[in-house]
Amino acid sequence: MITTQRSPTGGGGLQSPRSPSSQPPFLSISVTDPAKMGNGVQAYISYKVITKTNLPEYQGSEKIVIRRYTDFVWLRDRLFEKYKGIFIPPLPEKSTVEKFRFSAEFIEMRRQALDTFVNRIALHHELQQSEDLRTFLQADEQTMERARSQDTGIFKKKPSDLMSIFRGVQSKVTDVVLGKEKPVEESNPEYDKFKKYIFELEDHLAEAQKHAYRLVKRHRELGQSLADFGKAIKLLGACEGDALGTAFSELGAKSELLSIKLQREAHHLLMNFEEPLKDYVRAVQSIKGTIAERANAFRQQCELAETIKLKEIDLNKMRLIRSEKMLDAEHEYEELKVEGQEATRRFETIVKLMNEEIVRFQDQKTQDMGRAFHEFAKGQARLANAIADAWRSLLPKLDSLSVS
Amino acid sequence: MMDFENQGFEESQLHASRGEMESLALDDDDNNNNSGNDNNPSSRSNGVANGDGSLHHHPLSSSLPFAEIPTTDDDDPLLSSSSPQQNPNSFNSLLEPPSYADAVFRSFDGDHGKQINGHGHGAVSTSSPSPSTDYFKISVTDPQKEQDLNNSLVPGGNTFVTYLITTWTNLPEFNGTEFSVRRRFRDVVTLSDRLSESYRGYFIPLRPDKSVVESQVMQKQDFVEQRRMGLEKYLRKLAAHPVIRRSEELRVFLQVQGKLPLIKTTDVASRMLDGAVKLPKQLFGESVVAEAVDPNDVSQPAKGGRDLLRLFKELRQSVANDWGGTKPPVVEEDKEFLEKRKKMQDFEQELSNVSQQAESLVKAQQDMGETLGQLGLAFVKLTKFESEEANFNSQKVRAADMKNVATSAVKASRLYRELNVQTVRHLDKLHEYLGVILAVNNAYSDRSNALLTVQTLLSELANLNSRIEKLEAAASKIFGGDRSRVRKIEELKETMRVTDEAKNCAVREYERIKENNKNELERLDKERHDDFFGMLKGFVVNQAGYAEKMASVWETVASETSGYAATSS
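Those sequence lines, one after another, are chains C and X. Just so you know, the UniProt record's numbering puts 82 at position 82 of the first sequence, and the rest follows in order with no gaps. Just so you know, the UniProt record's numbering puts 45 at position 45 of the second sequence, and the rest follows in order with no gaps.
Among the hints, a few may not be true.
Just so you have them, the derived chain X footprint on chain C, three or more residues with Cβ under 8 Å [as the list claims (entries may be wrong)]:
1) 191-203
2) 220-233
3) 239-253
4) 359-368
5) 392-399
These are calculated hints, taken from the structure and not from any lab test. Beta carbons: idealized from backbone N, C-alpha and C, even for Gly.
Working from the sequences, and respecting the hints, build out all of it.
Here it is, written out as structure tokens:
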């Protein structure tokens, strides 16, 4: 749970003249209490989303709703559609296989990721004002359902389709970046550098994440082998008897103890190091989506500019021959010009927003990774110290046994 | 059985990642502190290419800021300079944690180093006569291919490998303190067989396998190297055995130049072929052999394939024993022996289990080290990437943090690998003892065989006796005597006398073997106690030491990133 304390002097603060209390405005959300619902193939996990706020836009100071993964997806999609140019916080993957197993670890990781997702939205000065967010946080089940099924172009499709569209967009972006399609793209060297950076970053991060995941597994394996070794050596001790037997037993017991510590560290590593890395990867993928949107907006702008130009030529022709269609044509032309301005405005907004977002992204990631590194190092140090202590504590006993 | 030889293991580890590690342009400023350390990549490869198992140029140690420089052994006060050790224990100095200077830690590994390198020092076992003045060191080196000129049907055909066996000793049996011979594997087999015959009841270390299959599969070089190491270990174990080290067979093997003057085996039939001895015919049938037969021959175990009839008799006897036939009094004592043997079997089973789990543990540690290294490398690449064209200060900061973590992960990875090498060294004791148990089983077999011989002879005596009685009874019924029967009785009585002597020999042999068993068991118990305690301590100290080093590495990173610590849970 991340509490957002918004001070009036903070960037993009929630300024509300009608704010009754003298307290700084806050919006605090937590995603908790995962519960398995339904049976078999239809089974899903529901989460309690608790909102505490003093913002006037919200009904009341505390609200609890029940949401499931697809609701979060809905929110993400709406934000993605409405706030083009902003890097929408990423969602955990929609797993099709693990879902059926629903391990406690998987559920916890998902819950954590969803909590992070919704709080990042709440922290973002633009996104936090979204009406869709309010709907998500407050609406009852039926309203939520209705909202989910509302048609707005892309939302006719189901989430799985959205993923394929998203991927389609990704590949389009790749094509664009790699210059495969016709060059309806910006010629902006700095932006090109950025695009290249993002694509390469994803690869690097994916590799790091892969190894981080393996490291978790290694911890588990080492823990298991220590447990087995401990057990076997205890049996040997029972067979031996006397001082040596006791020594073996003590060693075996320590080994088993350390096995537990290793399992614990594995879990800690998963939650506090591997997950943040995965989150980083997701964030980069989300940025790729935004890059695609920008490319779209640019293309629209260009296409409209083309159309306007052609229309102008037509219009001039018509003016010359004093066609009776001229008025309509002029009308259309004006409309097109307005559209063109709109498109340009949209594109320019995206560019401006992206520039801000990039700065914010880099800052945020330095913080996130810094924390992840800290946790990683802390965990490893803690584990190593525990191991050292456990073994050291055995030495005097061994010494005394060896001479007895 | 997994081959835990340090060198092979270490090499494969180093080869796997050396390329990657070396391509890192890790900016370890701390390297400058290690004076006299050659950091160049070429020196690293030299260290590995050295196939003789010496690791003094340990490449992975060179950029460890936390380890002492791998200096010579002079630094370690406990490694005496008197021993011409091949394996410089650079590990000892590496294990010294700078800020956790722990006397127990350091000194302990010094002792253990001695033990591993020269069993001949009789390091840990206090049952050896004079540990401080005796030395007996053997090394096996310089494998050479030679031609077998005598037996080759094809000219230039049959080749074999000989090894240079060098001995340093001040034991009086040997004339001289340093000498070398060349021996081939077949000679070792001969030595081993002869020792088995001469030292029945002793726990004789097992010789390396003949392993014909492996020699086809492995690369010739690797196979030769593996065999060389096996031979060295074997000879050192022999030299460590308080009784066997003084054997004539071993002396001859180590000292006599030219062809090994030990005959392959002393079993009865081959001696018959030599004409040295008359076949003890009384074991074959009714007729008595007039000439004296050395009863000692009888007390030697029947060898398969040759003494077929004798084997058959003894087999019949052992079956009779099992089926509650005539049970000579010797059986009762065996109860205590049976108990001890059962205990040994249980011990063997548990030990084997532990040995297996130890292998898994080593593998898990190895994997951990590998993955840490790979993680470190991935972060190094990321660091480079982020720093290359960093537009924002936050990127630079992140790159710096990442580099920190990356280098620490790589360090931790190296620590794990070193830890593992040591772990293997210590836990190898478990494997060794599995071998020892095989030797014990052989000694117990010697005893069983001797007992069987005794029982066979006793039953033979009983048989002869009853026949004599029957004949005497029948003969007394005939008036005037029965000359043929009387003659028969005389013959049988003579046979009985000889058999009785043989029986006495066999009993003496049996008692001797029992005594050997008992002494050896006592020796084993003592040595086992010391060896295993040594192993446990070594293992524990290693684990603790390396864990402390790792903790130190990570604590530094943790404190350097403490600014990021989460403000909320």
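Notebook entry, point to check: Which numbered hints does this structure break?
Noted result: none
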